[in-house]
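Using the hints provided, position chain B relative to the given structure of chain A.
Protein sequences appear in the order of chains A and B. Residue numbers for the first sequence follow the UniProt record's numbering, beginning at 1 and rising by one. Residue numbers for the second sequence follow the UniProt record's numbering, beginning at 1 and rising by one.
Rather than coming from a laboratory, the hints here were simulated on the basis of the structure. In this text, all values refer to a predicted model and were calculated from it rather than measured experimentally. Glycine included, each C-beta is placed from N, C-alpha and C at the ideal position. The reader is advised that the hints may include incorrect statements.
[As the list claims (entries may be wrong)] Calculated from the model, a selection of chain A residues having no Cβ within reach of chain B, i.e. all distances over 10 Å: (1) Glu72; (2) Gly312; (3) Pro322; (4) Lys343.
[To be verified] No more than 25 Å apart at the CA atoms, straight line, and that leaves these computed lysine to aspartate or glutamate pairs for DMTMM-like: (5) A/Lys343 x B/Asp114; (6) B/Lys343 x A/Glu100; (7) A/Lys343 x B/Asp279; (8) B/Lys343 x B/Asp248; (9) B/Lys343 x A/Glu115.
For reference, the chains in residue letters:
2 protein chains.
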Amino acid sequence: MTPKLARFIDSGVVATPAILVDLDRVAANFAALRAALPDAAIYYAVKANPAAPVLDRLVGLGSRFDAASIEEIRACLAAGAAPAALSFGNTVKKRSAIAEAFARGVDLFAFDSDEELAKIAAAAPGAKVYCRLAVSQDGADWPLSRKFGTTGAHARDLLLAARDLGLVAHGVSFHVGSQQTGVGAYQTAIGQAAMVFSDLRARGIDLRLLNLGGGFPTRYREDIPPIAAFGDAIMASVRAAFGNDLPDLLIEPGRAMVGDAGVAVSEVVLACNRREDDDRRWVYLDIGRFGGLAETEGEAIRYAISAPGVGGDETPAVLAGPSCDGVDVMYRETPYRLPAALKSGDRVLIHDTGAYVTSYASQGFNGFLPPQEHYL
Amino acid sequence: MTPKLARFIDSGVVATPAILVDLDRVAANFAALRAALPDAAIYYAVKANPAAPVLDRLVGLGSRFDAASIEEIRACLAAGAAPAALSFGNTVKKRSAIAEAFARGVDLFAFDSDEELAKIAAAAPGAKVYCRLAVSQDGADWPLSRKFGTTGAHARDLLLAARDLGLVAHGVSFHVGSQQTGVGAYQTAIGQAAMVFSDLRARGIDLRLLNLGGGFPTRYREDIPPIAAFGDAIMASVRAAFGNDLPDLLIEPGRAMVGDAGVAVSEVVLACNRREDDDRRWVYLDIGRFGGLAETEGEAIRYAISAPGVGGDETPAVLAGPSCDGVDVMYRETPYRLPAALKSGDRVLIHDTGAYVTSYASQGFNGFLPPQEHYL
Chain A
1 MTPKLARFID SGVVATPAIL VDLDRVAANF AALRAALPDA AIYYAVKANP
51 AAPVLDRLVG LGSRFDAASI EEIRACLAAG AAPAALSFGN TVKKRSAIAE
101 AFARGVDLFA FDSDEELAKI AAAAPGAKVY CRLAVSQDGA DWPLSRKFGT
151 TGAHARDLLL AARDLGLVAH GVSFHVGSQQ TGVGAYQTAI GQAAMVFSDL
201 RARGIDLRLL NLGGGFPTRY REDIPPIAAF GDAIMASVRA AFGNDLPDLL
251 IEPGRAMVGD AGVAVSEVVL ACNRREDDDR RWVYLDIGRF GGLAETEGEA
301 IRYAISAPGV GGDETPAVLA GPSCDGVDVM YRETPYRLPA ALKSGDRVLI
351 HDTGAYVTSY ASQGFNGFLP PQEHYL
Chain B
1 MTPKLARFID SGVVATPAIL VDLDRVAANF AALRAALPDA AIYYAVKANP
51 AAPVLDRLVG LGSRFDAASI EEIRACLAAG AAPAALSFGN TVKKRSAIAE
101 AFARGVDLFA FDSDEELAKI AAAAPGAKVY CRLAVSQDGA DWPLSRKFGT
151 TGAHARDLLL AARDLGLVAH GVSFHVGSQQ TGVGAYQTAI GQAAMVFSDL
201 RARGIDLRLL NLGGGFPTRY REDIPPIAAF GDAIMASVRA AFGNDLPDLL
251 IEPGRAMVGD AGVAVSEVVL ACNRREDDDR RWVYLDIGRF GGLAETEGEA
301 IRYAISAPGV GGDETPAVLA GPSCDGVDVM YRETPYRLPA ALKSGDRVLI
351 HDTGAYVTSY ASQGFNGFLP PQEHYL
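For reference, chain A alone in the conformation it holds in the complex (with noise of 0.2 Å):
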């Protein structure tokens, strides 16, 4: 947590639950990311989290964004953005929202389908396109499972039918998996991107764009690499399969970018043991997995949590959410520690929480609304 949001907390104005977010760790962010590859253009997530105030301060430093859907590329044009400026990410898109995108200026489009590709010449003619590989996504606490992508031989066949098609085949990209610790997933990415470029070389293509995709961490409960353990390698890799003639790169962090500036300010509901036999202590708190936390699920993201101002001993605890929905359970095999003296009304904070979780929560699971949001 910044100096700046613990000064906000102490002012005692905020209600709870509430995430506060620190513009200028942004901003650092977005600086380290930059010096990090600094041959990369920087695409961010706009899912990571799509608050206006976010999106101005990065139209300002002259971030580009990349868009889930027509609604992030409006908030991004309306924040400032120059239409050159957005990709449209996600591979699954409706042909209205692609159509619209186009005739907003928009030119660049992800796809690893035909039927997709299909969509994209009909709705946007002549636009760049770049295929979506499939690759490993081990080492990843969010894995993106095989919902997206596909073979290097399969994009290679898209791309053809892509210029085919009147469209321009600009690219590759992969998603080595949100949240991903090890700096050597790129490797094989990178090398299996290498050669569909190669390919495409061979049948009178040349491809641009090297899409790295996101999935730079942020740091939870556990150390992670610098990010710029993540730049050299990246750029070892690269050089090492593209030589002297290196693509257009582009990197789109979320996580990295947002995570570590927020903080989620919470109030303790009731604190109770709940077995006899079990020296946990269950601790309900006004923000759970409908309320914003939905990356607990399966205990994936294992946020810090501290409860400042109360002392004394500590005893292992279970976190749950408000609702009366079973499966509103943050942790329960993590283990986590808060002081025994915890009691309902006292504040806890659930740090690094600036993505990925405003825009998850429910418009009003059990009654309660999503989360105040406070950027400063």
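Just chain B, lined up with the frame of chain A:
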């Protein structure tokens, strides 16, 4: 799907994604529940679908209401429910929520821990309280885990403490788990509850209320026992456990009241094959796990799905949502079949989605807005 909903869809005015609910079916379900358990007061579990038209209709039918939050209490009162017709059924409540409910005339509160009891005693002096027991939830498709409820011995101590705190020790409750398809699930639970009644009678406290909870199923893909079978099994167990001195009975149906009154209208965004060695077609809809279909987590609730108007052979299908999130996949393991000719732009209906859909929907994950709601 009811004929009224089918006509509304055929009229062609529905933009997707949308949830349509037939209020006449809600009324029919209310009548069926009343007929199946004429001795039980019906407290609709608002969390299943808190829309004002549903609450209005149920107020008109004489229903009572089980609320999970102060927001739900306010919604019921706004719909015209009498405060005496409300139960604040969440065992985890902010003290401020208890106080507001009590000030508005609500007089019946659930609890299952010392701390909650102390909050109720302080914020709702003299109110009626009932203690929730933890019981087996075998047979439920959406169990409620160990998040709620306590042992019979602890419930006895807590109800004695309630009396000493000036509250009315009014009864006990339990919940056999949501979408509970076993009619025998109640027998053991009712026996446990009866033991608390007799323990407390020996201590000079006459409990009055046996809250049988919710969990009554709705029909998804598999047949379920008729609601009358649950009524018969429950009343047989109550008579066996309580003899002629029957307690006041209360049920909290949610899913059984509104589930089969609703249908989701969705559009195919993309249909494609993902791997050459997999004959399953990936069908991406414009509604997914974060657009309301949250109960497909772990493929727990398996909705019936159809594509009216699309004919021809069927193939195995994987069903996924529209977002860039890899976990936004509804069914990958459960066998589903959809027409091989299904393509982007076609309509797909997801049946029996009147309960536990709209309120789960995220406020805008990936930019996608919650489904539109139509109450007919």
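Against the structure, the hints:
{"no.": "1", "hint": "Glu72", "result": "violated, 4 Å"}
{"no.": "2", "hint": "Gly312", "result": "holds, 17 Å"}
{"no.": "3", "hint": "Pro322", "result": "violated, 6 Å"}
{"no.": "4", "hint": "Lys343", "result": "violated, 7 Å"}
{"no.": "5", "hint": "A/Lys343 x B/Asp114", "result": "holds, 11 Å"}
{"no.": "6", "hint": "B/Lys343 x A/Glu100", "result": "holds, 20 Å"}
{"no.": "7", "hint": "A/Lys343 x B/Asp279", "result": "violated, 54 Å"}
{"no.": "8", "hint": "B/Lys343 x B/Asp248", "result": "violated, 54 Å"}
{"no.": "9", "hint": "B/Lys343 x A/Glu115", "result": "holds, 8 Å"}
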